[in-house]
Each structure stands twice: as structure tokens, then as C-alpha cells.
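Going line by line, the protein sequences match chains G, Y, A, X and S.
By this note's numbering, the letter at position 247 of the first sequence is numbered 247, and the numbering carries on one by one without gaps.
By this note's numbering, the letter at position 328 of the second sequence is numbered 328, and the numbering carries on one by one without gaps.
By this note's numbering, the letter at position 188 of the third sequence is numbered 188, and the numbering carries on one by one without gaps.
By this note's numbering, the letter at position 537 of the fourth sequence is numbered 537, and the numbering carries on one by one without gaps.
By this note's numbering, the letter at position 85 of the fifth sequence is numbered 85, and the numbering carries on one by one without gaps.
Quick caveat, the hints were computed from the structure, so don't treat them as lab data.
There's no promise every hint is true.
[Unchecked claim] Computed footprint of chain Y on chain A, listed as stretches where at least three residues anywhere in the stretch have a Cβ under 8 Å from a Cβ of chain Y:
{"id": "1", "segment": "51-57"}
{"id": "2", "segment": "195-208"}
{"id": "3", "segment": "235-248"}
These figures come from a predicted structure and were not determined experimentally.
Beta carbons are placed, not taken as given, at the ideal position from N, Cα and C, and that holds for glycine.
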Amino acid sequence: MNYTKQIQDIAAKLFAEGKIDVFVGYRMNGFDENQVPVLITDPQDVSKLVFTDKSVFNLVNYLKTDHTRRKRVGIVVKGCDSRSLNLMLTESQVKRENLYVVGICCEGVVDDAGEKMQNCTDCMVPDAVVSDEMLGTAVSGSGTLTYKKNADIVALAEKPLTERAAYFEEVFENCIRCNACRHSCPLCYCAKCCIDQETATLYNGANTTSAAFHALMTWSLHLAGRCVDCRNCEKACPSHLPLHLLHKQNESVIYENFQEHLAGVIPEDRGAFYKYSLKDPDDFIM
Amino acid sequence: MSFTTFVTDKAGLQKFYEAVMASRETYAPVEKFGKFDFKRVARLSECDPVSPIAKTLSIKPLFFPRTAKVMKYVATSAGTDVSEVDEDPLAVKRVILGAKHCDARSLQVLDKVYNWDYIDTDYQKRRENTVIISTRCDKADTHCFCTSLDYDVENLDALDVLVVNGADGKTYLEARTAKGEALLGETFTSDAVRVTKEEAAPEMKKQYDAFAASFRLKMDYKEVNAKLAKIFDTPEFENVSGNCVSCNTCAFVCPTCHCFKISDEKVKDTGVRYKSYDSCNNGYFTLMAGGHNPRPVKYRRWRQRAMHKFVYYKERFGENLCVGCGKCTISCPVNISIFEVVSQVSAAAGNRQ
Amino acid sequence: MEQLLVPMICKVDKVIQETPDIRTYRLTFREEGLMDQFSYLPGQFVEFSLLGSGECTFCISSSATRKGYFDCSIKKAGVVTADIHTSLEEGDEVGIRGPFGNWFPLEDIKGKNLLFVGGGIGLAPLRSLIQYCIDNRSDYKDFTILYGARTSADMCYKDEIKEWQDNKSLNVVLTIDKPEETWTTNVGVVPKILEEVVKPVIENTKVITCGPPIMIKYTIQSLVKLGFADKDIITTLEMKMQCGLGKCGRCNIGSTYVCKDGPVFTNEQLKSLPDEF
Amino acid sequence: MARVGVFVCFCGANIADYVDVPQVVEEVKRIKEVKFATEYKYMCSDPGQGMIRDAIIQYKLTSIVVAACSPRMHEKTFRKALSDAGMNPYLLEVANIREHSSWVHQKDKKAATNKAMDLCRMAVAKSIANEQLHEISVPVTKRALVIGGGIAGIQAALDIADARIPVVLVEKSPSIGGKMAQLDETFPTLDCAQCILTPKMVDVASHPYIELIPYAEVLELQGFVGNYKVKIKKKASYVNFKTCTGCGACWQKCPVKVPNEYNMGIDKRKAIYTPFPQAVPNKPVIDAENCTMLTKGKCGICKKVCLPGAIDYEMQDEIIEREIGAVVVATGYDMWDPTPYEEYGVGRFKDIITSLEFERMVSANGPTNGVPQRPSDGKVPKNVVFIKCVGSRDEAKGIEYCSKICCMYTTKHTILLHHKVHDSHAYVFYMDIRAAGKGYEEFVKKAQVDTGTTYLRGRVSKIYKKGDKLMVRGEDAQIGQVVEVEADLVVLATAVSAPKDNPELARLLGISYDKYGYLSEAHPKLRPVETAKAGIFLAGCTQAPKDIPETVSQASACAAKVCGLFSGDTMKKDPMVSTINNEYCSGCQNCVKVCPYGAIITDEVPVGHGIKDLRTVAKINEGVCQGCGSCVAICRSMAITLAGFTDPQIINEIVSI
Amino acid sequence: MEAEVKDQLVSIEKPELIAPPNWEPVIMGILCNWCSYAGSDLTGTSRIQYPPNIRIIRVPCSSRVDPWFLIKSLQTTADGVLVSGCHPGDCHYISGNYFARRRFLVTKKLLNFVGFHENRIQFSWVSAAEGPKFAKVVNKVTEDIKKLGPLHLYKKENFEKK
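Throw the hints in and build the complete structure from the sequences for me.
Right under this line is the structure:
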């Protein structure tokens with residue numbers, strides 16, 4: 001998977017035609033084989049752009065920053081990224097007419113160690129679902145989507161309750177409350193996060209296990225039915241916490257019980273919590 | 001005062017570590033989810049004193065906790081009882097194993113702000129009661145640039161006991177302070193050879209030179225200090241902060257960042273006041289009650305961060321508020337390097353002038 | 001440092017509703033003897049905790065020359081201040097840390113003409129200095145107070161202003177922004193009145209000004225226009241603060257910590273700071 | 001933070017016997033914010049309320065907790081006590097220590113007391129976060145819109161107008177009257193529909209408070225309860241109603257003949273026509289689709305014969321705008337089209353007609369002058385088969401529900417047939433006879449006896465032609481045999497179905513409809529005439545099939561609701577509604593999706609921070625919001641606050657046990 | 001015999017922690033105003049007795065219940081929570097309980113996933129006429145939670161420091 005040339009050409013063309021003010025893509029990080037996002041505003045810099053299987057970070061995150069708001073943006077999106085973009089569009093955070101979207105038929109990206117990311121081996125929507133232009137040939141088959149349940153949550157769910165409790169206690173204990181997870185999440189765009197409450201009875205900002213538990217639980221519930229499994233959060237976490245567990249757990253519950261689509265696959269679909277069906281399971285309620 | 005230097009082998013070093021652990025409260029890097037954080041350990045097998053620098057969080061939280069209870073209060077109609085926190089759990093006699101040189105240096109930098117005007121006695125107590133054993137790195141990590149900054153890495157006296165794995169296969173332990181000397185004296189029982197500093201010097205120097213030669217990043221901090229001081233209004237800050245996602249993790253892992261927030265948490269009639277880390281990259285950092293915010297946009301906050309590290313702190317306290325550990329770059333989801341930022345900004349500003 | 005962040009408990013002696021959104025709280029320490037030890041100078045501030053609600057920074061609006069209490073004047077602005085207004089009454093307890101920060105250059109202004117220019121709640125820090133100077137009246141020469149508010153109802157310390165007006169050794173000029181029926185004296189914004197009515201002597205005069213940021217900005221402009229030197233213009237700076245100890249980094253502007261090096265600055269000092277306040 | 005006063009009630013012995021009230025008082029006194037606490041025999045009594053009033057003033061209290069019975073019982077009482085003391089009534093919290101403690105833990109005084117103390121602590125904690133709230137008053141435009149001029153619309157319009165409230169009545173067709181005007185006689189009294197309806201129609205036309213807009217439809221409704229703006233399209237009638245005298249010269253001379261809808265197409269009308277002789281307004285309209293002058297520019301006879309010169313071929317559709325405060329929707333129903341019943345030969349056999357066609361035939365002013373005729377040959381039928389539940393109660397071909405009126409009108413038809421054709425015989429195939437209603441069962445019984453109708457319980461499986469007769473084959477379930485009946489005429493009691501325009505109307509009104517197309521009421525039991533959208537009401541069959549008495553009752557109920565709504569210049573509403581904090585709102589509009597009332601719209605506000613641009617935020621119309629809090633719980637940014645149940649209030653309760 | 005059972009009462013999630021003698025659970029009951037709260041009032045007026053462990057909070061509708069409330073309850077004061085609303089189709093606000101139902105299921109499963117016993121988070125539909133049912137529900141929830149022992153996960157009361 002290497003679309004460096006195509007993306008450089010597209011960016012150059014968009015700048016030449018005056019269609020964009022900024023192009024969001026990837027460049028080499030300058031010290032090893034890995035890449036970092038880059039916001040290109042000067043057409044001369046388009047040669048910096050690259051795209052390979054090292055293009056990991058979900059660039060949709062940049063659509064919520066000062067540098068892109070109220071500008072015309074060209075952006076590269078993989079399958080998962082495009083789903084978050086879809087949600088951003090649905091939730092009115094960006095205007096479609098301000099975007100030029102280069103969609104990728106993604107064959108999966110690799111982590112720093114060169115191994116295919118877990119979310120890519122599990123990927124159910126590899127091709128960008130929103131784009132102005134697609135690169136590559138479609139990876140997903142034409143058949144209906146089969147849900148792949150994350151192996152980690154299956155393994156954990158089988159463990160006894162006490163072990164699970166102990167495992168997650170360790171997770172929350174190692175959280176340092178830097179909130180990098182939420183800042184790197186493209187869908188955490190709130191002006192002020194609900195976790196940052198200042199009132200004493202509502203406060204949860206201290207770096208205690210219980211506050212971390214609270215914050216991460218609330219966070220994952222706010223992303224339930226919306227998380228697109230891009231793993232920006234895990235990439236940003238300085239403690240390398242397995243944050244995907246919470247999201248994948250919610251995703252599987254939603255998928256299995258409400259027969260909802262995966263987040264962001266369908267345009268205008270806001271996620272499971274913003275609609276209901278009369279047939280939703282009722283058996284857990286007395 | 002002259003300090004002792006021991007020469008021993010790997011086994012001798014292990015024995016020393018075990019003796020330390022047996023006699024003192026010991027903190028060392030413990031791996032969880034592939035990342036090392038300094039935690040209390042009882043056995044050497046629980047920790048890794050030579051954890052890779054790229055995967056190790058700093059020792060700062062052992063002196064400046066991520067969250068500290070400031071006080072507890074119980075408010076009833078009978079009155080408000082304010083009680084100070086119970087015994088500070090971190091102010092006991094303790095030893096830190098596996099601290100990096102940059103970690104040790106960070107404490108020297110932080111000493112300045114904590115001992116300025118109002119003295120942070122808790123911090124001081126923790127400093128006094130802690131012996132830092134630091135193994136000198138063999139090789140610089142991709143993002144390290146400690147040798148480019150305003151401190152002498154080779155002769156760093158912020159650490160108490162220096163451990164060097166010599167190229168000759170021997171392990172050198174050098175006390176650098178009285179605290180270190182005392183610890184070595186009390187706990188070092190192996191049949192190691194006690195040598196003079198001068199005798200150990202050539203081998204130690206050789207190791208240092210090899211280490212110093214392994215740095216990818218090099219800069220002239222004086223030039224950076226000088227140039228940055230003049231260019232508050234450069235647009236370059238907007239460019240370098242472009243792909244920052246404002247995630248704040250740089251400040252949380254930085255061994256020298258020391259901004260904090262004070263906040264209350266209350267359950268029933270009992271409240272606790274916490275002091276927790278905060279980051280100047282946070283948009284709410286300077287937001288005032290009336291709604292005025294002097295640094296409302298990202299590049300201004302980035303400028304504050306860079307300038308505080310390389311200009312303001314230097315002006316005020318004579319030190320760079322950066323030890324060149326590269327932890328921020330490693331933790332950054334988009335690998336923004338403070339090194340690159342300050343070099344680029346100062347270079348670009350230099351070009352313009 | 002944790003113990004420096006622990007407040008002392010004070011009791012509210014008296015509550016004075018200055019304006020609809022400004023209240024003055026007269027406080028004393030709960031523990032006996034602490035009040036006498038509590039020494040402060042005009043311009044300094046305290047950290048004021050409404051326990052269970054939060055901590056806020058307020059300047060002390062009284063002078064230590066008046067013994068047995070200290071005052072804090074609080075304007076309703078955010079969550080905590082609103083809480084203070086609704087709930088804090090006589091006999092209630094609050095937590096106080098301080099005093100923090102620097103103070104007005106008392107030595108520098110000795111023997112000088114004094115011109116106080118205040119707006120709205122900005123009179124609070126000035127009041128501390130005014131009380132101090134009145135109590136040491138012989139140390140100073142001409143003494144002018146120019147105070148402006150949006151409306152006559154928004155003027156704080158009304159009783160005290162009356163006293164000042166009655167005091168023959170003080171020249172008090174009041175103004176409001178827009179005309180009102182019962183208002184007989186000046187109408188207009190502070191800088192305008194400063195130039196047109198007060199017409200201060202420049203020689204040997206120190207100006208101490210405090211008020212909303214916009215007022216300070218234009219007042220300093222007109223003072224400079226009138227010919228005052230930057231070092232003779234003294235003001236206080238508002239910045240988000242939390243610890244008050246020069247540690248938490250919030251009030252850091254350039255290499256200055258407003259909570260330690262300020263809040264009182266001369267215009268000369270202000271000019272040397274990066275424009276981030 | 002607040003200054004709270006707590007008042008614990010003994011409720012005689014109801015609370016005091018099982019809860020140690022003095023201990024509760026001592027306990028709450030320990031709470032920092034509680035500045036006063038006391039107990040009394042009956043807090044709700046005058047002296048009890050007086051205690052509250054006195055304490056408020058004496059202790060400068062900022063909120064009040066009354067620990068007594070359920071807030072559903074006395075919340076209003078105590079709120080009034082607060083008001084009387086000059087305090088905002090919403091600063092009250094009630095701790096329910098009777099229903100939730102003393103009455104349900106009668107065997108364990110200690111536990112009940114403990115629980116009562118916890119409940120008081122929770123109430124105190126909540127009250128600390130209470131804020132002053134003010135009843136919302138929404139100005140009201142005192143004019144109602146009634147959509148549909150059938151009996152439901154007519155009744156609603158008249159009732160509202162009689163209360164001196166102006167009404168705008170919009171009717172789709174040229175005349176009001178609706179389906180009822182097509183009926184001959186009505187069950188169970190067999191009084192003539194025209195005789196009882198036409199006076200009401202005339203009343204509508206002449207009522208000073210009713211503005212009748214016939215031949216028109218609603219295009220757009222904006223605003224919210226009390227403050228709607230409606231756009232009505234008045235279709236071009238090509239006849240100036242002001243000058244037209246209704247003499248009828250035009251339609252008598254018009255050469256174009258088209259099937260007459262009023263008579264179910266059994267006879268013809270002209271291209272310029274009044275739907276029926278008693279039409280109100282009794283003015284003709286030109287059917288633009290069929291008029292040759294309008295389609296081809298040839299003819300113009302009507303204009304020539306019209307002495308007042310009322311004909312205007314250039315007339316255009318007109319848009320009328322009105323400000324109104326409430327809407328009554330009374331769009332009635334459609335007759336279900338029986339075409340899916342192929343086995344009956346619907347469409348193939350002319351002598352199969354629907355019940356409404358039969359109704360027209362037996363009507364004295366109908367196309368056959370009141371005598372039924374076979375459409376095929378015009379003969380008077382002797383053997384008539386009535387088939388009930390055609391479409392109704394048939395999931396496979398028709399509709400699941402029971403149309404409710406077919407049993408009764410078929411019974412009526414057998415009587416009418418018997419009256420008009422004395423030697424006829426009626427057969428009725430039926431599933432059940434549902435005759436719940438005043439006098440209905442008696443009516444059915446009497447009809448069976450009087451007419452000698454043969455009732456066959458069972459479904460018809462096939463109809464085929466034999467000569468000029470129709471053979472109706474069905475099952476008689478009572479004898480368990482297949483029967484065949486030779487019929488001259490077959491009348492299908494077709495189902496009642498929702499008007500096909502209902503979904504579109506619902507969308508433009510912003511109300512919901514069910515899977516059949518009937519408009520949905522706010523609550524099936526307790527709010528059957530209201531819709532979920534405040535200020536919009538439902539009358540008649542547009543909500544569900546009904547007979548005339550029910551329709552009229554519902555219409556009058558609507559009128560009562562409208563009158564109630566308009567009883568003041570402003571509407572008072574509980575202040576427990578949601579509000580948006582623009583600073584935190586990220587404009588994701590998820591709240592819009594979960595609001596059941598459509599109370600949330602979007603708004604644009606400046607971005608701030610010196611950026612000159614607008615951003616979208618949500619905005620809640622407090623006139624419409626009912627305060628359910630759905631939006632609050634799904635708002636991730638916590639930008640929405642529901643007054644009375646704010647997050648700090650609820651969290652305070654949670655953490656203070 | 002009974003005393004022995006009580007002695008062995010442990011926290012199900014943290015078996016190393018034993019409940020104090022005579023421990024009684026606290027259950028946070030969050031009830032919708034129109035059905036369940038009215039139902040609980042009816043339980044009272046009918047004098048139907050139920051265990052005194054539940055503490056009731058009134059909310060307008062079950063859809064007002066933010067999962068946050070459940071988490072906060074479990075973290076501070078409660079050993080278990082019960083949320084109750086109108087039966088499907090009976091919501092006073094038309095559709096609130098349908099939205100709530102989805103959130104509840106996901107929250108319950110997530111809390112269970114991270115180590116809370118599923119019986120600590122319970123839901124019920126209780127109408128205004130179902131006074132006896134409310135008592136039954138409270139009986140069951142109390143019984144369930146008594147079996148689970150005290151909740152120790154992520155409690156805030158210790159204000160622990162890492």
C-alpha cells in the first residue's frame with residue numbers, strides 16, 4: 001500500500017486549483033521509518049506528503065483544531081478514519097463543502113514495531129465510506145458485513161469476575177489522567193469535557209484510581225455507538241493502557257443487542273444511543 | 001569530601017540492589033502494559049533497573065505526586081474542621097533505583113522553583129529522604145538530547161550513586177553525594193574492590209564518550225536561549241504547533257513540568273482538596289471566571305510552553321526547564337519534539353533577522 | 001507545600017451589600033490571636049475558599065491600619081462567587097490563605113501627590129491603600145480620588161465615599177457612564193473625566209489606578225497623554241491564579257509570576273511583559 | 001451552598017409512630033448548610049406553613065426542605081407557603097419520609113428512622129443546588145385553526161367559536177360537511193344525517209367567529225404552542241365567491257360532464273359544480289382539470305350566463321397566512337380500496353359495490369332517488385349480500401385493526417334496504433358483531449328481527465358470476481358448511497383507513513403518526529386528544545376509526561382544550577424545562593433527535609475568541625419543552641440543564657446519603 | 001448457623017474483603033416521576049412492607065438517567081443501583097424509556113465487563129398501579145445485593161492516593 005505519489009499529485013492539484021487552504025496528510029517523522037501527521041498550507045510542501053502502511057494516525061482529529069476550522073481542507077482518510085469523518089459530518093462539526101476527501105482502500109496499517117495493528121486485522125470497513133476520490137481497489141468484499149468480535153474482550157469476558165475486576169483495577173490505576181486519549185479522539189470535540197467539572201461534588205479530575213475509572217467509563221459510554229476503532233487513544237496513551245477494550249465491549253453489546261450498524265458507516269446515522277427500536281431487548285429489566 | 005568508588009560485577013550489583021531493597025523502601029521501574037513506571041518494589045525480580053528510557057515514565061511523581069491530597073475538611077453545623085493530610089507517604093527514607101540521569105537532573109531544575117520564595121517543604125523533605133541510584137545509559141535514544149543542554153551529564157551531582165557498566169565488563173559504582181556514600185557504605189557488602197575515583201576514571205570516561213557519541217540530536221542551547229528570547233511574536237509558533245492535538249501528555253510525562261491545579265472533591269460532608277498535574281497546553285489553563293483568556297488559541301499555549309522551558313525559566317532561575325530526556329516526543333501521539341520546535345523556531349527567526 | 005495550601009478558618013463578622021452584585025465581607029480569624037498576627041499591606045490578596053465550592057482570589061479591600069478585621073469585596077462573576085453571594089452570611093465560616101503578592105510601593109509614594117483612579121469593583125484594592133494613606137495622611141500631599149461606575153447603583157462603598165467627601169483634605173470626584181435623574185455631578189467615562197474635570201498636576205504625582213481591563217487601558221492612555229511617566233502609573237493586574245505561591249504556573253507571564261511579583265505593577269513594568277494578559 | 005431550613009412533619013402518627021422525628025431533626029441540624037430545623041404535627045396545616053414562613057424571614061433561608069409525605073401530594077401546598085413568604089417557590093424540596101419510610105418500614109423503627117435521615121440529607125443536598133425558577137409564560141395568539149370540515153371539524157370550530165375565540169376552518173373540498181354529508185340516515189336512531197348536519201354547516205358559515213376557507217389546504221406550520229404561523233393555500237375556484245349569488249345558472253349550462261364524487265361516481269356532475277345542493281358555502285367552483293375553457297381555451301359558457309359576472313378564468317391559487325395559537329386536526333378518513341380482494345371479483349363485477357356507494361343509492365337525494373339499483377342493469381336488487389370486515393381485521397390483504405363502525409352501518413344498511421325494497425332479502429357475512437355503544441346492541445337485535453336478515457358467520461371465499469347473478473360462496477361457521485348465496489347485489493363493508501395525506505400533513509405539522517397513517521395522540525389513555533406537540537389536537541377519525549357520537553365528543557374535547565389553552569393572555573408553564581449553555585454546546589444536534597416534542601431547534605451564535613464567524617448550537621423552545629430530560633442525559637458536553645433536576649442536584653443527592 | 005453465613009459475607013468482586021458484622025447494603029433507587037415513583041408511593045399508601053435499604057431519587061423520566069449517575073452512586077454511597085421507569089409504551093414522555101433502555105443495557109454490560117457483578121445494576125419497569133410489584137422488585141434487589149456483599153471497587157470514600 002503506497003499512495004504517496006497519488007496523494008502528492010492530488011494535493012498539488014487542489015492547491016493549484018485554489019480549492020483548499022490546507023491539506024492534512026502524513027509525512028516521514030524525520031528520524032525513523034514512522035510517519036506523523038502534517039498540515040500543509042504551502043503548495044511547495046506537498047512533496048513532504050507520504051502514504052504507506054505506516055500512515056496510522058486518524059487525521060480526522062485535526063478537523064476539530066484551530067488550524068482547520070473555518071478553512072477548506074483536503075484530507076486523507078482510511079476506512080476507520082472515514083467513519084469518524086462521517087460522524088463528524090452527521091454531528092455538524094465540519095461542513096462537507098469545506099472538505100476534499102481522499103479516501104483510501106486500506107489494506108491495514110502497522111504499528112511502530114512493524115506488526116499489523118489489531119484493529120486492522122479485525123477491520124470490518126477497510127474502504128473509506130466517504131470520499132471525493134478513492135485510491136486503490138476495494139478491499140472489502142461485496143458480501144454482507146460479518147461482525148468480528150474482538151478476541152481480547154472475548155477472552156476477558158470468559159475470565160472470572162474477580163480476575164476481571166483485578167485486571168481493570170490495574171488499568172485504571174496506571175492511568176495518569178493526562179486526558180490524551182480524549183484529546184486525540186476525533187469524536188471528542190466538546191468545548192468543555194464533562195469530566196472537567198469544577199464543582200466539588202461533581203469533580204473527578206484528581207489522579208486517583210476511582211477518578212480514572214469514572215473518567216474512562218464516562219468517556220467510553222460517550223463513545224458507545226460512535227467509536228470507530230481507529231485507536232488514536234491508545235497511540236496517545238503514555239501508559240499504553242488497553243483502552244480499546246472498553247470501546248470494543250460497548251460496540252459488541254450494541255451490535256449484538258440492537259443490530260445496529262457499525263459507527264459511522266451509514267451517513268446521517270448518529271449511533272445507537274440516539275434512536276431506539278421497539279424490539280430492543282427487555283429481558284434484563286424486571 | 002571525597003567519595004568512594006567500587007568496582008564489581010553484575011552479580012555484585014544485583015546483590016547490592018537486593019541489599020538496598022531489604023533495608024530501605026525502594027522504588028524502581030515496574031512494567032505494566034509495556035510501560036515502566038516507578039513503583040514501590042520488594043524484590044529485584046519485580047522491576048527492571050535498566051528499563052529502556054523510551055518506555056519509562058519519569059521519577060517526578062515520587063517528589064511531586066500526580067495527585068496530592070492537600071487537606072481534608074469536614075463541614076458540619078458545628079463548624080468546619082480542616083485537617084492537614086496524614087503523614088506524607090512519600091516522605092519516608094527511600095531509595096530510587098533505575099532513575100535516568102535526566103530524571104536526576106530534573107530534580108535539580110525543580111529545586112529552583114520549589115525553593116523559591118515560599119519553600120515547598122514536602123518536596124524538600126522528599127528530596128532529603130531519597131537516595132537516587134542512577135545507571136548511566138549506554139546509548140542515547142532517538143529523542144535524547146541531554147548532552148546538548150546546560151548541565152554536565154558526565155559529572156552530574158544530582159544523583160547520589162552512579163552506576164556505570166564499563167566496556168570492560170565490570171560495573172562501577174560511584175558515590176556522588178554524602179547520601180550516596182552513606183548508602184553505599186551501609187549496604188555494599190559484596191567482595192568488590194574499592195578504588196579511587198581516579199583509578200575508575202578512564203573506564204568511566206570511555207563509557208561516557210561512547211554514550212556521548214551516540215546522540216542523534218545536538219543543539220547549541222545558548223543560541224536557542226538567546227534567539228528565542230527575542231522572538232515572542234514569530235509566526236513560526238503557529239507552524240510548529242500545527243499538528244499538535246493539544247493532548248497535554250507532554251506535560252504529564254515531562255520530568256520538569258510543574259504546573260498544577262487545585263480542586264476540591266466532596267462526598268457527604270467531607271471534602272478533600274487535591275493538587276493535581278495540569279498543563280499549560282490546556283485551553284482552560286488561564287481562563288478566568290469572567291471569560292477572559294489570555295491564551296485562547298493553541299499556538300499561544302505552545303509558545304508559552306516552549307518559552308517557559310527555554311527562556312522564562314532560564315531568565316528567572318538560571319536553568320533550562322528541559323533536561324533533554326525526549327519523553328514528551330515519545331509519548332506524543334504525533335511525535336512533536338520540543339527539540340525540533342525550539343531549534344526550528346529559533347533557526348527560522350534567525351533567518352528572518 | 002501542601003500545608004501552605006491549607007486555609008485558615010475565618011468567620012464572617014458582617015456582610016455589606018454594596019451593589020446588586022458586589023458584597024463586602026468583613027472577616028476575622030476563628031482562632032484567637034491569629035487576627036493580630038495577620039499582617040498585610042495594601043494591594044495584597046488572599047485566596048478565599050468557600051469550602052465545598054472552591055477557591056477564588058480576592059484582594060483585601062481594607063487596610064491593616066484598621067485593626068481587628070479585614071474586608072474582601074466580591075463581585076458575582078463565576079460559579080464560586082455566585083455561591084458566595086447566595087450562601088455566605090454573618091456567622092458563617094470561610095477558608096483564607098494569604099496574604100499573597102506584592103503591595104503598592106508605599107515608600108515611593110511618600111511625600112507625593114496621590115491620584116487614585118478607580119472603576120467599578122476596581123476601587124477595592126484602592127480602598128485598602130486609600131484607608132492606609134488616610135490613616136497616615138501627613139505623609140502625603142494632595143489627595144485626589146476619581147471613581148467611576150456604570151450607574152450610581154453600581155458604586156460600592158457608598159457610605160465610605162461619603163466620609164471621604166466630608167473629609168476636607170480629600171478631593172473626591174465621582175462619575176457615572178450615563179446620565180441619571182438624581183445624579184447631579186459628572187457624567188462620562190473615567191478617562192474623559194480625568195482629562196476634562198480632574199486635570200491632575202503631573203509634577204510629583206503618583207497615579208494608582210484599578211478597574212476593568214478596558215478602563216485601565218484607556219485610563220493609562222490618557223494618563224500618558226497628560227504627560228505622566230510610566231513609572232508613576234501604578235496599577236494592579238488580573239490573571240488567573242491558583243496557588244498564590246509562585247508554583248502552579250498559571251499566572252506566569254514571561255518570567256514574571258503575577259501572584260508573587262504582582263499584582264501591583266507600574267506601567268513601566270507592564271510594558272516589559274509579553275502581551276499575554 | 002445555601003442556607004437551608006428543614007421542617008419535619010409528624011403527619012399525626014403516620015410518620016411519628018414509625019420514625020423518631022426528633023432524632024431526624026437533630027441529625028439534619030448537623031449539616032453545615034442547615035441553619036434551622038424543626039418538627040411539627042402537621043406541616044401542611046396553616047400553623048405548619050406559618051412556621052415555614054416565619055423561619056424563612058428570621059433565618060434568611062435560601063431553600064427549604066419539608067420532610068413529610070410524597071411530593072406528589074403536597075409539593076404545591078408548600079410551594080405556595082414559600083411564595084407567601086416572598087421566596088421563590090421552586091427553592092422547595094420535599095423529602096418523602098411517609099410513603100418511602102414510615103409506611104413501608106413499620107416493623108423496624110430504627111431502620112425507618114435511619115432511612116428518613118438519609119432521605120432528609122438527600123433532600124437538603126439537592127436543595128443546596130436548587131435555583132430560583134420562574135413560571136414560564138408564553139404569549140398566546142387566541143385564534144384556532146381547524147383542519148378539515150367534516151363533522152369533527154365543524155363541531156370543534158363551533159364549540160371554539162361559541163367561546164368567542166376566532167377560528168380558521170380549512171376544508172380541502174369546495175364544501176364542508178365531509179363524509180357525514182354523504183350519509184343517508186345514522187345509526188342507531190336512524191335520524192337523517194343531512195337534517196342534523198346541515199344546520200351546523202350553516203352555523204359555521206354564518207358564525208361571526210369562524211373564518212371558513214374552503215377549497216384550501218395547509219402548506220406550512222411554523223412556531224410553537226400559542227404562537228403558530230400557518231400558510232394556507234386557497235386553490236383557485238375561478239368563481240368570485242363575493243359576487244356569486246349561488247343561482248346555479250352556470251352549472252346548469254355547463255356542457256362538460258364528469259363523475260360525481262359526492263355520489264361515488266354513480267352519476268355525473270358538471271365541470272363547474274357545487275358538490276351537493278346543501279353545500280356550504282353554496283358557491284360553485286370550476287374543476288380545472290376538466291373545464292374545457294381552462295384546459296383548451298374553448299367554451300366560456302358559464303361566464304356568459306353568469307349575470308353577476310363572478311366567473312374569473314384568470315384566478316390564481318392564493319396563499320393565506322394566519323397567526324394562530326392552536327390547531328385541531330380533523331381530516332377524517334378514507335374508505336379503504338377493496339381491490340386486493342380479487343377472489344370477490346372486485347373491479348370485474350359491476351354489481352359489487354362498496355358500502356358508501358350503497359349509502360348514496362339509498363339516500364333520498366342520491367343518484368337513484370333513494371332506491372338501490374344494480375349498476376350493471378339498473379334493476380332493483382332483491383337479494384343483497386353484505387360482506388363485513390372487507391379489509392378490516394385482515395392482516396394478509398387489509399389492515400389489522402377493527403374499523404369499528406362497519407357492524408353498525410351494515411345493520412343500518414339492512415334496515416334501509418328493507419325500507420326501500422320491501423320484498424328484498426339481506427344476507428350478512430360477518431366475523432363478529434361488535435355493537436358496543438349506547439343503544440347499539442338493541443339496534444342490531446331489533447334490525448335482525450325486523451328485517452329478517454340472514455346472518456352467516458364466516459368469511460366469503462369466492463364470488464363468481466352465474467347469469468346476471470352473483471354467487472357468493474362462503475363458510476357458515478355455525479353449521480360448519482360451505483354455503484352459496486345467489487345475490488343481485490353485493491355490498492362490501494370496506495374498512496376505514498387513514499387519509500392518505502396524513503403522513504405528509506403530520507410531517508408539516510411536526511406530529512407523529514402510526515403505521516397505518518393515523519395521527520398519534522400524546523397518551524393513548526390520558527391524553528387522547530392532544531398530540532405530542534403542544535397546541536395541536538386531534539378530533540375524529542384522523543386519530544383512529546370512530547362513529548359520529550365519539551367523533552363529536554372528541555371534537556368538543558378539543559374545543560375545551562383549545563379554550564383552556566386560550567383562557568389567559570399568556571400560557572403558564574412549569575419552569576422545569578431544559579436550557580442550553582451555548583458556551584458548552586458543540587452543536588452536534590443529537591438532542592434534536594431524542595426530543596419527543598421537537599422542542600429543540602438550532603441557532604447560530606458568534607464563535608467568540610475574537611473570531612468573526614457563527615457556529616451552530618442547539619436552542620430549546622421553552623414553550624414546547626415538557627421537561628423529560630432525555631436531551632440532558634444524552635448531551636455529552638453537559639451543555640443542557642433541566643431546571644429542577646440538574647446534574648448537581650441529582651449528584652448531590654447521590655453523594656450525600 | 002445464620003451468624004456463620006454472615007461472618008463469611010465477602011465482597012464478590014474482592015473476596016479478600018469481608019463485610020463488617022451487621023452490614024446492610026445501600027441501594028440507590030432512581031425512579032421516574034410518573035410511573036415508578038407513583039408506584040412506590042402506592043406501595044406506601046398500601047402499607048406494603050419492603051426492606052429499608054433503598055434510597056429513592058426522583059427524576060422526571062428514566063431517560064433523564066445519565067449512566068454517570070449509576071457510576072457515581074456505585075463509587076460513593078451505594079452497593080447497588082436500581083433504575084425504574086414506565087413500562088414500554090407507557091412513557092409519559094412518549095419515548096424516553098426506549099432511549100433509556102438502550103443506555104441501561106450497554107452500561108450494565110460495561111460495568112459487568114470491568115468487574116462489577118451484574119446484579120449490582122438493576123432495572124425495572126414499574127407502573128403507577130404496581131405498588132406490590134415495586135415492593136417485590138425492592139425485595140429482590142436487596143436480596144441479590146446482600147448476597148454480593150459490600151462493594152469495594154473504585155470507592156471514593158477513601159479518597160485514595162496512588
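Now the hints, each set against the structure:
no., hint, verdict
1, 51-57, "holds (count 6)"
2, 195-208, "violated (count 0)"
3, 235-248, "holds (count 9)"
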